[in-house]
Amino acid sequence: MPDFARFGRRGFLGSAGLLAGAAAGCRLRRDPYAAEKPPVPVERGLRPGSEKFVFTTCGLCPAGCGLRVRVVDGRAVKVEGNAESPVNRGGVCVRGQAGLELLYHPDRIRGPRRRVGTRGQNRWQTISWDEAIAQLASELSKLRVAGEPESLVLVDGEQTGTTHALWSRLLEVFGSPNHIGHGATGFGAMAQAVRRMTRRAYLPGYDFERSRCVLLVETGALESSPHFIHLARAMAGESRPRLLCASPRLPTTAVLVDEWLSLAPGGSAPLLLGLMHVLLREQLGDESVFAFASGFLPWTDRHGTPQPGLRAQVMADFAPDKVEVLAGIAASRIEHLARELVVARPSLVVVDESLCDPATASASLLVNALLGSIDVSGGMQIGPATPLSDLGKADLDDTARVGLREPPIDGRDSGQGDVEASRILSLPEAFISGKPYPAKALLLSYSNPAFSKPGGRRWLEAMAKVPFVVSFSPLFDESALFADLLVPDSTFFERWDVVAPGRGSSVLSLRQPVVRPLADTLQTGEVILRLARALGSSIADAFPWADYRQAVLARLEEVSGGADAVLGELESKGVCSALDAKRAPAKAGDDGQARPLLFDVRGERSPAPAPTAGDPVRFPFVLVPFRGPGYAEGGMREMAWLRELPLGAGNPWPEHIELSPEDARRLGIEDGETVLVESLAAQVELRAEVRAGIRTGVLGLPLGAGAGPAPDAALRASSLLASLVDAASGHWLACATRAQVRKLS
Amino acid sequence: MSGRKLTTRREVLTLAAASTAGAALAQTTRAVENAPAPVAAAGEPPHRFGMAIDLDHCLRCQACVVACAAENNVPPLGQERSALTRPIHWMDMLIPDEGSASSELGQGPAPIPCMHCDRPECVKVCPVGATYLGDDGVVAQIWDRCIGCRYCMAACPYSRRYFNWSEPAWPGDDPSSANPDVALRPAGVVEKCTLCQHRIRAVLERARIDDEPVTDAALQRLPACAATCPARAITFGDLADPESALSKLAKDPRAVQLLGRLGTGPKVFYLRGRR
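Protein sequence lines, in the order shown, are assigned to chains A and B. Going letter by letter, the first sequence gives residues 1 to 745 in the working numbering. Going letter by letter, the second sequence gives residues 1 to 275 in the working numbering.
So that you can see chain B by itself, here it is in the shape it has in the complex (with noise of 0.2 Å):
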């Protein structure tokens, strides 16, 4: 188990540490030429956003769950439709089979964002180029690109991505409390978490607007799951930055990533094992 762990982190560090552009870049040449306009300008070095989940820290309360569905505009599925269907939850708690030895992470249910993985599957697959790797780091989705084939959806080691059965639509029929920064569904597509790109881009902006450098502290607590996390367990950063809170923690001992093994290279670390 341990030496599995080790190559995991190792695979990382190789990624993290080097050359983003290698190796890595060279797996995932289909998902650049999905990726629309890059975000950094020209010149600005490439950011490779992720996150870190301590299972030490976190209650298990589901703010980030609910928070998530706030920001991005994911109504609930309602009395009719539960009985059904799953509910969508782009920040969902992996729940492990009690007793299976299959649960790496071993501290009951935990927090299960998209993994944004840096050799993404879902994108391997995907037969019109709906989801792409940005130069961000991102796995992000083009809502009207999809065709709703679902082939990233199984081909997800993570099940991260939820196929939307039904129009958008609120409690009520009242949309009032809808995000305007976030681009409604349409029913027939599949969709997933964006690391809430749409606050990373705004935050990128503001910098390149004032010309000054994006700073860790302004993203720790970027996402709206991170934002809103009453025990500090959710921390965002930008791998890229070897000085970021987020990469100083992907280098702890107790740092594991889900399924790392598969070679997937997820960007969202956990941290457990504290005794």
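Chain A with its partners taken away, still in its complex shape (with noise of 0.2 Å):
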């Protein structure tokens, strides 16, 4: 075959290339008499190809990485980072580099559809959005009429941005409180505590870059989170931190950390507890930070009980040979780590938001505090605002006024509308028991809690009580599966936007459609813009907007230098960094002017090891749940290159659990063997990874990984882990169940 010889060593000649090797692909694949077929269809003829780059931004975690997609006739074939942000600087990580599986992938739900069959059939009919939007409008109105607004339950996975600002807008004036976010699993802990004792509601971000020293709690910023990217711009410099990682367990790629102090699970928060100690003994620490804040001296709550304040309590019950059987790690380790984080300043301590408990979360701000190390370079980064504006407050109806004084439906207190301080948790509960309210209609956006949530098949159970279930989902995964409507989004790839991905910084980045739409699908914030359209009256006064990219130029109007400005910008590098200068991140307070750091550190921390799931002689294990270098939530663990990354299990597919050469010597477990995992919640057996990095005691379980969408989600390994939470702010507690492991008799 002649003619492949040369394109095959000609190949940057284009798709000419493309074109012979399909051929010969096709040639042994298929009948060899068949005519040879090109993989994607092109016009007969020669023609020119068209080559461009276009710049957009990641989508797949909140980072928001700069992207630049090569197109070539049309068709995405490859991300690069686009060197001008200043998030990747050129970078992009594995996540991004698989993003193109996402795209193209063949479960995508190509239009909106609608139930026929029962739920979880999986019996669609297609059906044209202006049906699906009729029928979302139609149903949400009864809702209205029937002067129960309060029954519409909004889940929506996205923490930021102008499609989450729009569903908090449409369900304030639709009249429910009901919006609920996945930051009682997620970062709600860090966004609450940040909320609570500084006053700011911003993620932080971390100048891994000029810090000296870095503490890792958990792993984190090593694995999946939007930390990483900005941790490896770290590893890039000349002069890099010294990284110590205290965790239950060591990834296989955490190979850059100098020391790894193996932590007990649950031992996070009396670790940091018990640096703070250290510091405030030895008066290493800037105890002048906690000038301005209630709570740190003795006090008196509102029942008229004295309480003794957070100094006291730090010196009484977090001593370093109080905190050392809680910990796991000797107390004199913990003093030196004290001193080696006072002598490394700026140095900074990170906790993984992902999972980490609010105390947690709380106590890597004081320590950092102590540190000197919030809003100075090198250390913690809370604010600036993002440069993004609100949409401002719009006008309320009689019914929707009626339907927000309804206490929200998962019994958060603040009763505010605080999506962040929202209790995912317990919606299962008040769905099947009906209580404050029964819930009327459900729409899932960016989420899919009956795979990603502790008690995944209590979901299904709790969506059967709901009689109309919508999914936003680009795929077909558990959550869609069992929805009345599917209105699917599109792809990132695929969708128009200004991103602000905030974490310290002031940076606006770009998304833009790579390609036309593959399928018909339509991006979430136009769909809300044309259901509150539909749905008429005060609804669709308050979205004046005639599409999205109206609704965010709007947010562009207060930005320095106007929207005009700044969209020119984007288009032609895009990502716009110069508001970094203007909007510089001055040291407490974003207005530049000289501002108390930490407000209210009032709070119990309790000394009293922290509570699990199971009995402890039955269930001798904790579970360690963790997201993995290819971590892949909900569609996300069907981009197959993911899955097959060198460094994840034998084979990548079927689940696995990790476990210490230690228990499994004395369990005489193999390496690769299948055995059987056991909690309170679930029986599920798994493939055994023997392997150093692991605390005895402790079993590694990633998260994210299974089969997709399937029947039994009872098998999945998530479902060992308890649906168990914190008391007072309805977080997830991930690290608290229980297990035992067996072997196969």
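Quick caveat, the hints were computed from the structure, so don't treat them as lab data. Computed from a predicted structure; not experimentally measured. For each residue, glycine too, the CB sits at the ideal point set by N, CA and C. Any given hint could be a false lead.
Simulated restraints, written as ranges between beta carbons of each label pair [claimed, not checked]: (1) A:ALA727 x B:ARG81: 47 to 57 Å; (2) A:GLN550 x B:GLY148: 39 to 49 Å; (3) B:VAL203 x A:LYS393: 47 to 57 Å; (4) B:THR85 x A:GLU259: 53 to 63 Å; (5) A:ALA519 x B:THR85: 24 to 34 Å.
Make the complex out of the two chains shown on their own, each in a separate frame, by following the hints.
Here it is, written out as structure tokens:
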């Protein structure tokens, strides 16, 4: 086949190479006498190919990395980094590289669908967008007509962005207090700690690049988290920070960690408060940060009971020799660690936002504050505010006002529609019991709770109680299969948006369609606007924008330089980072005025061992869930490149559990053997992966893995996790499920 | 151990510095005969492309692995075939046995592309001349000359070659994300890292058209793996250019070649041992 030989050598000549290569492939694959067909249909004859690079912003995690996508003849063929983006400076992590698998995923929902047959049966009728919006509007209107707008529940997996803002506004003018976020199983603990203690409403970023010593508590930043790309950037420099990691398990990828402190599960908060004790006792920290904070010194609560205050509590209960037992780290090492962090200033304490509990999140703020590491170069960055302005207040009609007076269905106490304080894990109970009131409609946006939340199976039971369930998922997933109406979102490669990555920067990053939408999908922001118009009256008035783009541009009005200038820069470079200079992050306060850092450090810090689900005798192990390097929640788990990473487990597709060599020897378990893992919640057969870097008594449980949507969700490893929550905040306690492992006889 | 390393480095320096012609080329006569057309134009000095991977920067995030697969049209195996065979990773992670002394890199897993040896074992054994050492230093493979005998796989001390057991296929049979610059490999041939030769040629061709020299800056992040690395751990370049960033890294005291003692002369250098 001489033609192929020539093209093989000169592959760079363009699509001709692909044609020839594919021809060879087809020839082997099918009937040898069949006509040779190119894999990608192209017009006959010679014609110039077109190649372009399109700037956009990654949407696979909230980090907001700038991308340049290579588009050849209308097909997106490769993701590259945008060197102009200060977030990733041209680098792209493993998830971003696999992004095109999502765009071209075979299981994408190719347009709006209406359920026929019973729920979960997976039989659908294709409908038009007009029909879909009309059905959505008519079902939701019924709730308002019946005077029960509060029975609309939205579960929204996004934490920021214009779509999120539009959802908030829609629920508000509709009259439902039930905008539920995923915070309680993730970033919520950190967001609430920051809000309560500093009265600021931003998730922190970390200046790894200028830090000299970083203590990672749990391994989030090393594996899958929005902080990974910032850590990687720091590693690119000549002088990288010293990396210490306190965690029950050290991932195989954590090679650059200079020292591993094997932490007992549930020991994060005690360890951090132990560090605080040493800093206070030896006067190593800057205690003046607490000068304006209520609750540091003795105070009296609203019942008139005197409280010892944070300082006395830490000094009494968290001496290193007491913490030693809870954290599993020697007292002398804790003392030494505190001194190390002081000597190496600017130093940082970073917790795993995606899985840490509220006590750990607030303790990390306290230690960073005491180290003088908040809002300084090389420290933790809280703020500045996102350059995108709020949408402003909307006028409410009477129905909405009545609805908003109802308590939120998830039992959170604020009642102010505060999304990050929402308690998603109490939803199944609320749906099943019908208390405080029955949910009549459930919208799932960026959310697949039946897969990603502990107690997944219970979610299916709960959803059965809701008469109308809508999924916005772009892929068929467990929750979507159980919905009545599918209104598929476009993937981030097909959307237009302006993204504010935040995390200590005021960068804006452009997201734009790199290809024409591949299916009859509509980005959820547009659906919200069309739905609002269909709902009519006061709701339509609250959404004066012609389309999603106009809504985003309205939020750019207040940006220095004006929306047009910003948009021009975004279109030419993909990002707009000059805002950094104009709105430099001032120490304590965005307005540049000196302002106390900490306002409120009240709260109970219990020296008792953290609660766990399950009897320690029957269940001697503790499950430590983690998000691996190719963490793939929901549809992402079907991105096969991420599944087949070489540093995953042997055969990447069946689920596995990590076990320490000591425990494996004791139980006679071989690496790769299938074992039975049992917790209070479930019994699952999993492959055991025996490796160093796991603390004894700990089982590492990778999240987001497992087969695609299947009717029997109980067989997943994540169903082992109990839905145990922190009573005060409703936040999930991720590392609190006990389990046992048995050899299969 | 240190003595061995020194020898290795000296070998490389000999090769790099003095006469790339002399001894080195004598050993690869066969390889050059196999090579198709010369990449460098007449009169242009030959290139020796290679790579340095800094293990003190690398976070083992494996972005290089996926970037390579995406660039070079290496589809994932999928659930069914994963149980039968290993996935193809032109850029793979070398996983040393725990506690064994065999890991000369000594820092846990490391990204491992083809070493693009100056004296490649795979080229010596190929009975049909499907693989050759090009005058750009790349150990390349002509897919449709390959008869799938897999001698090269047995000969490669780094296991950097993969037998392609199946036809090119994408999830859902949708090859839209295929890179048109890289030919698909039919089932039954051996495939391997090409140092993103199509990207190298595009740069050389551009330089030839513009009548400008190829700059080191244009090369440093050229292959897909180097381009994506968020920690900037991978540096690509021309070892024939003593001023290139790569040539300097190759002379760094931290530089080591994997199994350099075998005399294969790998052009991939690992940097390690910050502490």
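Results for each hint:
1. Between ALA727 (chain A) and ARG81 (chain B) the beta carbons are some 48 Å apart, a value that agrees with the proposed interval 47 to 57 Å.
2. Judged by the Cβ atoms, the range 39 to 49 Å given for GLN550 (chain A) and GLY148 (chain B) is violated: they are separated by roughly 58 Å.
3. A C-beta distance of roughly 56 Å is found between VAL203 (chain B) and LYS393 (chain A), which places it inside the suggested range of 47 to 57 Å.
4. Against the hinted window of 53 to 63 Å, the Cβ-Cβ separation of THR85 (chain B) and GLU259 (chain A) comes to about 39 Å, which falls outside the hint.
5. For ALA519 (chain A) and THR85 (chain B), the Cβ-Cβ distance of about 32 Å falls inside the hinted range of 24 to 34 Å, so the restraint holds.
In this structure, the earlier hints numbered 2, 4 are contradicted, and the remaining ones agree with it.
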